[in-house]
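Each chain, letter by letter, is given below.
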Amino acid sequence: MGVFSNLPLPFLILSFLTILGALYVVTSKNPVHSVLALILTFFTISAHYVLLNAQFLAIVNLMVYAGAIMVLFLFVLMLLNLNKESEPIKSNLWGIAAAISAGLLLVVITAAFQTAGIAVMKSNAEGIGLVKNLGRVLMTEYLVPFELTGILFVSAMVGAVLLGKRDKNDIVKSEEI
Amino acid sequence: MELLIFLPLVLALVSALGSKWNRWIILVFALSGLLILTGNFNVLAAAIQEKSSFQTIVDYPWLGDAVHFRLGIDGITLFLLLLTNILIPVISLSIKTDKRPALIPLMLFMQAGLNGVFMAQDGLLFYLFWELAMIPIYFMTLLYSERDSYTTTIRFFVYTFVGSLAMLASLIYLGTKSVNGSFAYSDLYNVQLTLTESIWVGAGFLLAFAVKIPLFPFHVWQPNTYTYAPAQGSMLLSGIMLKMGLYGLMRWYFPMASESIDFYQPIIMILAVIGVVYGAIIAIRQDDMKRLIAYSSLSHVGLIAAGLFALNKSGFDGALLQMFVHGINVVGLFIAVNIIERNFGSRNLNELGGIAKSNRLFAVLFFMVVIGSVAAPLTNGFPGEFLLLKSVFDYNTTSAVFAGLTIIFCAVYMFRMYQFSMLGECNSDTEDKTIPVSELIPLFVVAFFVVSIGLFPQWYMDLFQNSTTSLLQIISNAKGVLS
Amino acid sequence: MNPIAIILLFPLLGFILNGVFGHKLPKLVSSSLGALMILLSFVTAISQWSQIAFDINGSISWEAYTFFNLDGLLFRASFALDRLSIWMTLIITGIGTLIHLYSMSYMDHDKNPAKFFSYLNFFVFNMLLLVLGSNFLMMFFGWEGVGLCSYLLIGFWYQNASFGAAARKAFVMNRIGDLGLLLGMFLIVKNFGSLEYNEVLPAIAEGSTSNVVITSIAILLFIGAMGKSAQIPLFTWLPDAMAGPTPVSALIHAATMVTAGIYLVVRCQAMYSLAPMAQELILWVGLATALLGALIGLRQNDIKKVLAYSTVSQLGFMFVALGVGAYTTALFHVTTHAFFKALLFLGAGSVIHGVQDRQDIATMGGLKKMMPITYITFLVGTLAISGFPLLSGFFSKDEILANVFHHNIIAYVVLVFAALLTATYMFRLLFLTFHGEFRGTDYKLSDVHESNWKMTLPLIILAILSVLGGALNLPHYLMHQEGFLASWLKPTFLIFEHAEHSDLATEIGLISVAVFVFLFGWFYSRNKYISKSESPESGSEGIAKVLANKFYIDEIYNKLIVRPIEFFGDVLFALFDTLLLYGITFSINPILRFTGRLNRKIQNGNIEYYLIYMVGAIALLLGLNLFFA
Amino acid sequence: MLSIFHSLEISHYIYLSTVLFSIGLFGVLFRRNAIILLMCIELMLNAVNLLLAAFTEYMGDMQANGQMFVFFIMVVAAAEAAVGLAIIVMVYRNTRKTDVSFLDQLKD
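Protein chains in written order, with the numbering used here: chain X, 1 to 177; chain V, 1 to 483; chain S, 1 to 629; chain F, 1 to 108.
A couple of the hints might just be wrong.
[Unchecked claim] Straight-line alpha carbon distances no greater than 30 Å define the calculated BS3-like cross-link-like pairs of lysine-lysine that follow:
(1) S:305 / S:545
(2) V:433 / V:177
(3) S:27 / V:357
(4) X:29 / S:601
(5) S:559 / S:24
(6) S:369 / V:357
(7) S:490 / S:368
(8) V:433 / S:27
(9) V:357 / S:305
(10) S:559 / S:545
(11) S:111 / V:433
(12) S:444 / V:479
(13) S:305 / S:559
(14) S:454 / S:444
(15) V:357 / S:559
(16) S:444 / V:433
(17) S:601 / F:97
(18) X:29 / F:97
(19) X:132 / F:97
(20) S:454 / S:305
[To be verified] Now the in silico label distances, taken between C-beta atoms and shown as ranges:
(21) X:139 / S:600: 49 to 57 Å
(22) X:164 / S:600: 33 to 41 Å
(23) X:19 / S:588: 46 to 54 Å
(24) V:196 / S:600: 34 to 42 Å
(25) S:554 / V:161: 47 to 55 Å
(26) X:150 / V:179: 46 to 54 Å
(27) V:263 / S:560: 54 to 62 Å
(28) S:544 / V:452: 53 to 61 Å
(29) X:135 / S:600: 49 to 57 Å
It should be emphasised that the hints constitute simulated quantities derived from the structure, not laboratory data. Where a beta carbon is used, it is the ideal one built from N, C-alpha and C, also for glycine.
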């Protein structure tokens with residue numbers, strides 16, 4: 001396995017699953033499958049968080065992403081009745097172009113990080129990711145941004161409602177349909 | 001003095017809020033610049049002193065250390081500021097607000113830009129204001145042109161913008177060469193360039209200025225723009241904007257790319273003189289009064305450019321004086337044309353005539369502007385034209401002979417215009433129609449300057465003569481040869 | 001207050017008052033205001049006479065202010081009243097007063113006499129500026145100013161388009177000359193660093209300046225004089241200028257403005273005396289003009305046109321005098337010509353007035369019974385200009401002829417011929433107008449009336465002056481000393497004027513030639529025209545036709561100069577400016593369009609494409625940064 | 001960190017998240033269904049989140065700045081998803097499509 005030989009097995013498995021899930025998200029033709037694969041990916045990422053001493057993040061990730069957001073996605077898919085393979089398939093040329101672009105970026109970023117020194121993670125920081133610590137930091141140093149997120153949420157909510165609301169014209173149109 | 005830039009901006013915003021302003025309120029808005037200018041008496045007094053150089057009066061760091069918000073003033077700047085801030089109220093008086101509400105904010109916005117151009121003492125700031133002053137004109141032509149507004153605007157825009165970009169390139173190149181990459185005026189002209197560099201840098205500047213002035217082959221945008229733009233747009237363009245180009249030559253091109261002067265001098269001189277004759281000959285045959293004025297402007301401005309490129313005292317003094325005078329006169333002419341068009345529904349010479357019969361006062365005022373343009377002695381056109389022709393004569397006799405043809409041709413087309421519009425038989429449109437006196441107010445201001453400059457040019461020349469001397473000194477130092 | 005300021009102030013005041021308030025004043029008030037101002041100016045000038053007369057080099061100077069200052073090179077608004085300028089001032093204001101008085105009646109039926117008088121006053125102001133200025137700049141001011149007033153006054157009846165055209169023609173032709181004058185001034189500044197007469201002229205008189213420079217300056221200034229004084233080739237405006245009211249023709253186009261060119265040359269006597277080539281040029285141009293004007297005058301039927309060509313011709317005489325270096329004589333002829341030509345014009349005006357604004361002498365005849373005063377004064381004027389012995393014109397013309405005789409015999413012969421023609425056409429005019437039978441068709445002889453005293457008084461005064469004017473400079477052979485004018489002017493000439501005094505025999509010979517010329521003209525015209533009952537020949541064939549059509553000079557100018565310029569204007573505008581320049585500049589258009597179309601493939605508005613570009617660009621930039629940093 | 005992972009290096013996480021990010025990016029470029037696009041964006045955000053968490057651990061930062069950022073990114077992502085989906089619903093309602101290639105109105 002070369003490069004991977006000195007890696008702990010759990011990390012390898014998790015990473016493998018993550019990438020697999022991500023790839024399935026991208027390649028699956030059925031949107032519902034994509035959603036499910038994305039949820040899998042989020043689960044594995046949460047596991048990574050646990051490995052990284054970010055226990056609270058792991059939970060939140062599950063709750064917010066896998067729970068709330070992805071359900072929202074599913075909801076919309078169902079609502080719009082898009083669970084079929086309705087998407088027009090792009091040409092191969094397009095796929096190659098996209099792959100080249102993305103691959104190029106991958107190569108470049110990897111190359112860029114190559115210069116970063118390989119260092120073993122420190123582990124002296126116990127309890128960074130616990131609620132107690134995070135809560136303290138959030139309520140002291142990040143208080144203002146925290147409040148701002150509240151505003152962001154409100155505005156997003158208002159925006160979403162406004163966008164989702166039907167105009168009278170729309171109603172007529174949809175009734176015709 | 002920075003108020004001179006910011007107050008018009010604020011006023012532009014304020015005036016943009018309402019659409020129907022009383023003309024007197026607008027006048028107050030427009031007069032603000034002049035009030036600030038005259039209010040800063042100390043600065044002005046310093047500016048016209050002996051050996052006054054381009055002294056800095058405002059200096060804030062702006063974009064790092066390299067670019068400062070740096071304004072300066074000397075007699076030349078002061079004189080052109082006076083021109084700008086006098087003409088803006090005059091022009092504002094001729095605006096009918098109810099039809100073209102956007103003109104006022106645009107004009108005030110432009111005032112800010114123009115004041116900035118004349119005061120900027122930093123390369124990039126100069127460029128910024130240069131563009132800022134142009135923007136309103138684009139909108140004026142786009143919104144209110146009588147014909148082909150889109151084409152006219154696009155052509156005007158492309159032309160001027162290509163020139164501006166060339167200038168920007170030159171400025172940036174100079175900036176990279178200067179001490180610490182600073183764009184300060186004094187740092188820029190201290191940059192030592194090789195001849196080749198200088199020729200390229202000079203080309204950038206010259207392109208921008210030649211388009212703006214406009215010099216002979218670069219004038220293609222001008223006639224249509226002047227003709228189709230709303231009258232106030234034409235006034236601003238010809239009265240003040242094109243002085244930016246001439247000012248740029250004086251203040252920026254000559255000191256910055258002084259090494260290339262010897263290379264460009266004969267070329268520009270020939271082009272300018274060709275422009276003088278060319279514009280005049282075409283003007284003789286025009287029937288559209290605005291187009292006629294456009295070509296006459298081409299002719300007059302060519303002479304100013306020639307005077308500047310003669311690079312001597314009388315050329316610089318004459319050019320500055322004539323810049324002021326041309327501004328006054330051409331605005332006066334456009335106002336008169338505007339009045340005629342508004343009252344008699346046409347500005348085509350074939351359809352007019354006999355207006356003088358029932359509009360005595362207007363006839364007199366218009367005539368004063370006309371003889372001012374013709375440069376009859378005792379009117380404002382004469383001293384400037386005299387000095388300019390003298391400078392061209394000192395540079396080269398043959399050029400002076402050809403440039404001098406302007407005094408003949410100018411009489412031909414100006415009097416032709418006056419004859420066919422004001423004199424002769426009345427026709428059905430012009431019979432017994434009187435122009436309201438209130439419309440003539442701006443012409444009174446113009447007439448005042450026609451006479452006062454004509455009689456006492458030295459009053460006006462005192463404002464800038466010390467500064468032209470020191471500017472010429474700078475240029476000749478930079479050239480290394482005393483001219 | 002400086003007397004010069006006062007002299008200048010009055011006409012200016014008249015101009016402003018009449019210009020601003022004139023249309024609200026009663027006609028009588030505004031017109032007498034105009035006349036009064038010139039009179040006051042005249043009186044002021046006379047009061048200064050003694051000041052100047054007592055001192056040989058006496059002159060009054062006044063420096064009003066610095067007009068502009070170029071690094072110490074001062075252009076001053078300064079004036080001087082010296083012997084030469086007071087002479088001119090008196091002519092201008094004196095004849096000016098008479099003509100103003102005359103105009104009070106002449107312009108009475110006009111709608112707007114206030115405007116007329118304000119222009120006329122402004123003209124006098126400018127003319128005074130011209131002669132009183134003590135430098136070339138002030139002279140140029142007046143020079144252009146009189147041109148402007150001439151424009152205004154020729155086009156006074158502005159509703160007539162052809163009058164307007166004549167006015168513009170006059171102004172433009174003057175401007176051509178002005179350009180020469182202007183260039184001459186630049187050359188003076190360049191070489192002498194000043195425009196003041198009393199700095200430039202002594203410097204020239206010193207003789208250290210190179211001859212090329214002096215000759216060029218002299219010729220350039222003479223070009224200016226050609227324009228103003230209607231010499232070949234710039235003379236065609238003067239006959240057209242007769243479109244203006246008759247007093248204007250009398251004052252501007254006969255007595256004063258057109259003699260500005262002579263004043264200029266006399267003023268620069270030092271320069272011209274040292275530039276023989278320029279002098280020679282002046283001589284031949286003057287000679288040609290004198291001849292041409294007289295020839296054309298022979299076959300004109302418009303009473304004012306005859307006088308206009310006569311003026312052209314007489315101005316030619318004066319330039320001939322200048323050309324042979326007889327400056328005093330030239331100025332003497334200016335003076336006498338001012339008298340008799342103003343008289344003739346005013347007389348013509350009186351005739352025109354009397355026959356209800358008709359000018360064609362073909363429809364006149366036999367008017368002497370109805371207009372006795374006009375007739376007698378007109379007769380005096382005719383005698384004077386034709387050189388009737390002992391009248392003013394006789395002396396001045398004889399002096400010119402004598403001077404030319406000593407200079408160049410060919411020129412003398414030509415000039416004698418011109419003088420002969422002068423007598424001929426003047427008597428033709430006189431006989432056709434006043435003698436013979438009445439030829440009017442659309443009006444009756446009994447409608448013709450003598451003018452009132454305001455018009456006849458100036459005529460009488462001018463007639464007296466025309467008779468006695470010769471006394472101003474009686475010739476050497478009569479007095480055995482220099483004439484009054486010669487001795488008066490002597491101090492102003494920096495270079496000694498070489499006066500020819502021939503022996504008695506030559507003198508008698510010359511005089512008899514002059515008398516013969518007069519008699520021939522009189523006889524010829526008398527036989528031909530005095531009892532003509534039918535209309536005079538219209539010049540339908542041969543040489544007469546050419547003369548009647550003024551040698552087609554206007555047409556030639558039109559074809560050779562005006563048309564080509566207009567043609568160029570059209571061509572440059574339509575072909576060059578619009579098609580070519582526009583075309584070239586905006587032929588970039590298709591190129592831009594083409595690249596634009598290519599561009600459009602890329603910029604198709606689809607976000608996906610943009611995303612790919614974005615990512616590609618980011619990768620590229622990062623890569624560049626990585627590998628080339 | 002659990003002791004068995006002591007041999008883990010920061011670079012491994014870097015590679016992992018880069019790969020994830022690129023996959024997400026590829027999805028964004030390749031797919032046309034707007035909903036899947038959004039999902040891919042979420043994927044990319046998560047890749048970044050992962051890296052932030054890894055770096056927090058790596059730096060041993062008791063302030064947990066990195067994790068704080070993750071929080072905020074999640075917040076923004078949630079808001080974005082909500083608004084984005086609302087837009088998609090609206091677009092779908094008008095055009096009956098969720099295909100982004102249909103949205104080429106930027107042309108003019």
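Verification of the supplied hints:
Simply put, residue 305 of chain S and residue 545 of chain S have alpha-carbon atoms about 16 Å apart, close enough for the 30 Å limit, and the pair holds. The hinted pair formed by residue 433 of chain V and residue 177 of chain V fails the criterion: a straight-line CA distance of about 64 Å is larger than 30 Å. Simply put, residue 27 of chain S and residue 357 of chain V have alpha-carbon atoms about 19 Å apart, close enough for the 30 Å limit, and the pair holds. For the proposed pair residue 29 of chain X and residue 601 of chain S, the alpha carbon gap of about 29 Å is at most 30 Å, so the pair holds.
The hinted pair formed by residue 559 of chain S and residue 24 of chain S fails the criterion: a straight-line CA distance of about 47 Å is larger than 30 Å. As the CA atoms of residue 369 of chain S and residue 357 of chain V are separated by approximately 40 Å, the hinted pair breaks the 30 Å bound. For the suggested pair residue 490 of chain S and residue 368 of chain S, the alpha carbons sit about 44 Å apart, so the restraint of at most 30 Å is broken. The hinted pair formed by residue 433 of chain V and residue 27 of chain S meets the criterion: a straight-line CA distance of about 25 Å does not exceed 30 Å.
Between the alpha carbons of residue 357 of chain V and residue 305 of chain S the distance comes to roughly 29 Å, so the proposed pair stays at or under 30 Å and holds. Simply put, residue 559 of chain S and residue 545 of chain S have alpha-carbon atoms about 19 Å apart, close enough for the 30 Å limit, and the pair holds. Simply put, residue 111 of chain S and residue 433 of chain V have alpha-carbon atoms about 19 Å apart, close enough for the 30 Å limit, and the pair holds. Pair hint residue 444 of chain S plus residue 479 of chain V does not hold up; C-alpha atoms about 82 Å apart against a cutoff of 30 Å.
Of the pairs offered as hints, the one joining residue 305 of chain S and residue 559 of chain S holds, with about 23 Å between alpha carbons and a cut-off of 30 Å not exceeded. With a C-alpha separation of about 25 Å, the suggested pairing of residue 454 of chain S with residue 444 of chain S holds against the 30 Å cut-off. Restraint check for residue 357 of chain V and residue 559 of chain S: not satisfied, since their Cα atoms lie roughly 34 Å apart, outside the 30 Å limit. With a C-alpha separation of about 40 Å, the suggested pairing of residue 444 of chain S with residue 433 of chain V is violated against the 30 Å cut-off.
The suggested pairing of residue 601 of chain S with residue 97 of chain F holds, with an alpha-carbon distance near 24 Å, which does not exceed 30 Å. For the hint linking residue 29 of chain X to residue 97 of chain F, the alpha-carbon distance of about 16 Å falls within 30 Å, and the restraint holds. Our distance criterion of 30 Å between C-alpha atoms is broken by residue 132 of chain X and residue 97 of chain F, whose separation comes to about 47 Å. A distance of roughly 24 Å separates the Cα atoms of residue 454 of chain S and residue 305 of chain S; the hinted pair therefore holds under the 30 Å criterion.
Between residue 139 of chain X and residue 600 of chain S the CB atoms are about 54 Å apart, so this pair conforms to the stated range of 49 to 57 Å. Between residue 164 of chain X and residue 600 of chain S the beta carbon distance is about 35 Å. The supplied range of 33 to 41 Å therefore holds. Checked against the hint of 46 to 54 Å, the C-beta distance between residue 19 of chain X and residue 588 of chain S comes to roughly 53 Å, which is consistent with it. Between residue 196 of chain V and residue 600 of chain S the Cβ separation comes to about 39 Å, which falls inside the hinted range of 34 to 42 Å.
Look at residue 554 of chain S against residue 161 of chain V: about 50 Å separates their beta carbons, and that is inside 47 to 55 Å. Between residue 150 of chain X and residue 179 of chain V the C-beta distance comes to about 51 Å, which sits within the given range of 46 to 54 Å. The hint said 54 to 62 Å for the Cβ distance between residue 263 of chain V and residue 560 of chain S, and at roughly 39 Å that hint is violated. Checking the proposed 53 to 61 Å range against residue 544 of chain S and residue 452 of chain V shows it holds: the Cβ atoms sit about 56 Å from each other.
Taking 49 to 57 Å as the suggested C-beta distance range, the pair residue 135 of chain X and residue 600 of chain S conforms, at roughly 55 Å.
This entry does not satisfy hints 2, 5, 6, 7, 12, 15, 16, 19 and 27, going by the numbered hints stated previously.
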